[in-house]
Amino acid sequence: MNLTLKIWRQKDPQDRGRMVTYRVEDVSPDMSFLEMLDVLNERLILEGDEPVAFDHDCREGICGMCGMVINGVAHGEQVATTTCQLHMRHFEDNAVITIEPWRAAPFPVVKDLVVDRSSFDRIIQAGGFISVPAGSAPDAHSVPVKKEDADNAFDAATCIACGACVAACPNGSASLFTAAKITHLSLLPQGQPERESRAKAMVEQMDAEGFGGCTNTGECTAVCPKGIPLDTIARMNRDYLRASK
Amino acid sequence: MTATIERGNATASINPPGDATADKKTPRRRGGFLNSSPGKKAVMAVTGAVMVLFLVLHMAGNLKSFLGAEEFNAYAASLRTLGEPILPHRTLLTVLEIVLAAALVLHMWAAITLARRAGRARPVRYAVRRKSQAGGYAIHAMRYGGTAIFLFLIWHLLDLTFGTVNPAGGSGTPYERLVEGFAPSRWWVTLFYVLAVLAVGLHLRHGLWSAFQSLGQAGRRSYRGLNAFAVTVSVLMVVGFLAVPAGVMAGVIK
Ligand code: HEM
Ligand code: SF4
Ligand code: FES
Chain L
1 MNLTLKIWRQ
11 KDPQDRGRMV
21 TYRVEDVSPD
31 MSFLEMLDVL
41 NERLILEGDE
51 PVAFDHDCRE
61 GICGMCGMVI
71 NGVAHGEQVA
81 TTTCQLHMRH
91 FEDNAVITIE
101 PWRAAPFPVV
111 KDLVVDRSSF
121 DRIIQAGGFI
131 SVPAGSAPDA
141 HSVPVKKEDA
151 DNAFDAATCI
161 ACGACVAACP
171 NGSASLFTAA
181 KITHLSLLPQ
191 GQPERESRAK
201 AMVEQMDAEG
211 FGGCTNTGEC
221 TAVCPKGIPL
231 DTIARMNRDY
241 LRASK
Chain P
1 MTATIERGNA
11 TASINPPGDA
21 TADKKTPRRR
31 GGFLNSSPGK
41 KAVMAVTGAV
51 MVLFLVLHMA
61 GNLKSFLGAE
71 EFNAYAASLR
81 TLGEPILPHR
91 TLLTVLEIVL
101 AAALVLHMWA
111 AITLARRAGR
121 ARPVRYAVRR
131 KSQAGGYAIH
141 AMRYGGTAIF
151 LFLIWHLLDL
161 TFGTVNPAGG
171 SGTPYERLVE
181 GFAPSRWWVT
191 LFYVLAVLAV
201 GLHLRHGLWS
211 AFQSLGQAGR
221 RSYRGLNAFA
231 VTVSVLMVVG
241 FLAVPAGVMA
251 GVIK
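Residue numbers (full-length UniProt numbering), protein chains in the order written: chain L, 1 to 245; chain P, 1 to 254.
Bear in mind the hints are in silico, worked out from the structure with no lab data behind them. In this text, all values refer to a predicted model and were calculated from it rather than measured experimentally. Some hints here could point you the wrong way.
Here are a few chain P residues that face chain L, going by a calculated C-beta distance under 10 Å [what the hints assert, rightly or not]:
#	residue
1	128
2	131
3	136
4	254
Simulated coverage check for chain P against chain L, where a stretch passes if three residues somewhere in it have a Cβ under 8 Å from a Cβ of chain L [to be verified]:
#	stretch
5	57 to 67
6	138 to 151
7	156 to 167
8	229 to 235
Using 30 Å as the maximum straight-line C-alpha spacing, the simulated DSS-like pairs for lysine-lysine come out as follows [said to hold, decoys possible]:
#	chain 1	residue 1	chain 2	residue 2
9	L	6	L	111
10	P	131	L	111
11	P	254	P	64
12	L	6	L	146
13	L	11	L	146
14	L	6	P	131
Glycine included, each C-beta is placed from N, C-alpha and C at the ideal position.
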């Protein structure tokens with residue numbers, strides 16, 4: 001396959017940045033999107049150019065590092081798929097592919113396609129944990145958990161903090177991410193003691209970071225590689241409203 | 001040996017001093033319920049619900065115009081004597097008007113502050129703008145639609161409440177103002193009205209389920225029901241509100 005890539009290049013956070021067009025040839029349809037970028041980067045290095053910087057780590061869809069907006073859609077159009085798990089066979093030969101970084105004020109661009117997502121870390125630090133004495137792990141069945149709650153908590157816990165929800169949201173809201181983390185803990189017995197204070201602290205941090213508010217557009221779930229559902233946000237709202245009473 | 005994990009440093013350096021990304025200022029925001037994004041949405045949901053209740057009653061009242069001038073004018077007069085003789089003339093109505101005006105102001109305040117917040121959170125647009133991945137259209141019309149409703153509301157009050165811009169004037173009976181207001185010669189007013197009613201329908205198509213979500217009263221099991229509820233109520237509102245100008249046009253109301 002031969003492709004035309006339009007990629008956002010930005011030297012550093014201060015640089016104004018611009019789109020640069022590249023031609024990549026002999027791409028195998030079996031390559032992942034990141035491997036295709038590797039091919040481009042190898043050539044750029046050989047030619048003495050600066051390679052395109054992008055985040056990645058596991059390349060198996062579980063770490064949440066990779067993330068770019070491909071043809072206007074976070075992680076590309078393939079549903080429930082991270083960029084690293086997106087394969088070139090989903091593109092047509094001679095396609096023009098535009099690649100941009102996540103766009104949100106709380107995710108400043110570090111370089112090219114790499115953004116700083118430490119605002120997510122600070123939301124987790126605000127309350128995304130349970131305070132338990134660190135002893136030996138309790139027996140798994142010592143506190144019964146309803147099957148449905150266990151399933152839903154697990155679904156929420158699959159959030160990999162990639163930030164696609166923010167990138168896709170017209171309001172730049174981090175509600176889906178924050179709600180996934182709140183839901184995961186608030187459905188389980190261990191999360192009960194801090195349930196309300198957690199929701200309050202995490203929502204306040206989310207707001208303080210400069211993320212926008214949720215208007216229930218649903219754009220986030222549509223692009224979320226883990227399919228985190230919108231009802232997590234209703235739960236976050238409920239816990240927050242209760243905490244504010 | 002005991003390991004100490006300090007909460008806060010667990011995720012390594014976050015914007016260490018000297019780091020260029022540290023320059024980006026975290027916007028300083030006042031705390032408190034009304035400055036939180038879910039708090040604003042809760043305000044929007046409650047005030048929206050107040051306005052929806054009003055609209056349902058308003059629509060039912062309007063349909064009385066099909067019963068003739070006497071019935072309709074008597075209904076309009078009875079609104080003013082609501083609560084009498086326990087309360088003085090026009091007391092309850094004035095109270096309700098104040099509640100409605102407050103709801104509208106708070107609703108718009110929440111909408112505007114959230115829109116500004118959203119603008120600051122997304123200062124850079126994507127080069128490629130794709131249509132909604134979620135397939136929603138109503139949601140993307142909330143802000144424009146809401147503004148259109150507000151502009152219409154001003155005109156509507158001047159037209160049919162105060163009669164300032166109505167051919168029958170402020171001294172005409174409510175029924176006269178209604179018939180004159182939708183007179184064929186003023187087709188552009190009717191068009192404006194129809195568009196505004198459609199905007200309300202679209203606004204409620206999203207707003208009605210959204211309000212439940214904002215108040216934390218939605219869940220996986222209720223989305224289908226809430227959506228059906230939102231569609232049904234919006235369609236009923238549109239049909240009910242359009243019936244009156246249609247009646248005037250068709251000569252049923254004259
Ligand atoms: C006057 C100008 C108005 C503006 C600017 C406006 C704007 C908005 C906006 C931006 C939303 C947010 C949508 C979302 O976050 O999901 C909203 C929600 C809503 N609006 Fe309005 N609106 C207006 C008038 C009205 C009126 C007259 C009604 C009642 C008939 C109404 C009922 C609602 C409801 C029920 C919601 C859902 C609340 C929620 O999402 O929590 N709005 N409005
Ligand atoms: S909710 Fe989905 S899109 Fe958002 S950070 Fe988590 S995995 Fe990524
Ligand atoms: S690189 Fe780990 S999820 Fe894509």
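Evaluation of the provided hints:
no., hint, in the structure
1, 128, "holds, 4 Å"
2, 131, "holds, 9 Å"
3, 136, "holds, 6 Å"
4, 254, "violated, 43 Å"
5, 57 to 67, "violated (count 0)"
6, 138 to 151, "holds (count 3)"
7, 156 to 167, "violated (count 0)"
8, 229 to 235, "violated (count 0)"
9, L/6 <-> L/111, "holds, 16 Å"
10, P/131 <-> L/111, "holds, 27 Å"
11, P/254 <-> P/64, "holds, 13 Å"
12, L/6 <-> L/146, "violated, 49 Å"
13, L/11 <-> L/146, "violated, 51 Å"
14, L/6 <-> P/131, "holds, 20 Å"
When held up to the earlier numbered hints, the structure conflicts with 4, 5, 7, 8, 12 and 13 and fits the remainder.
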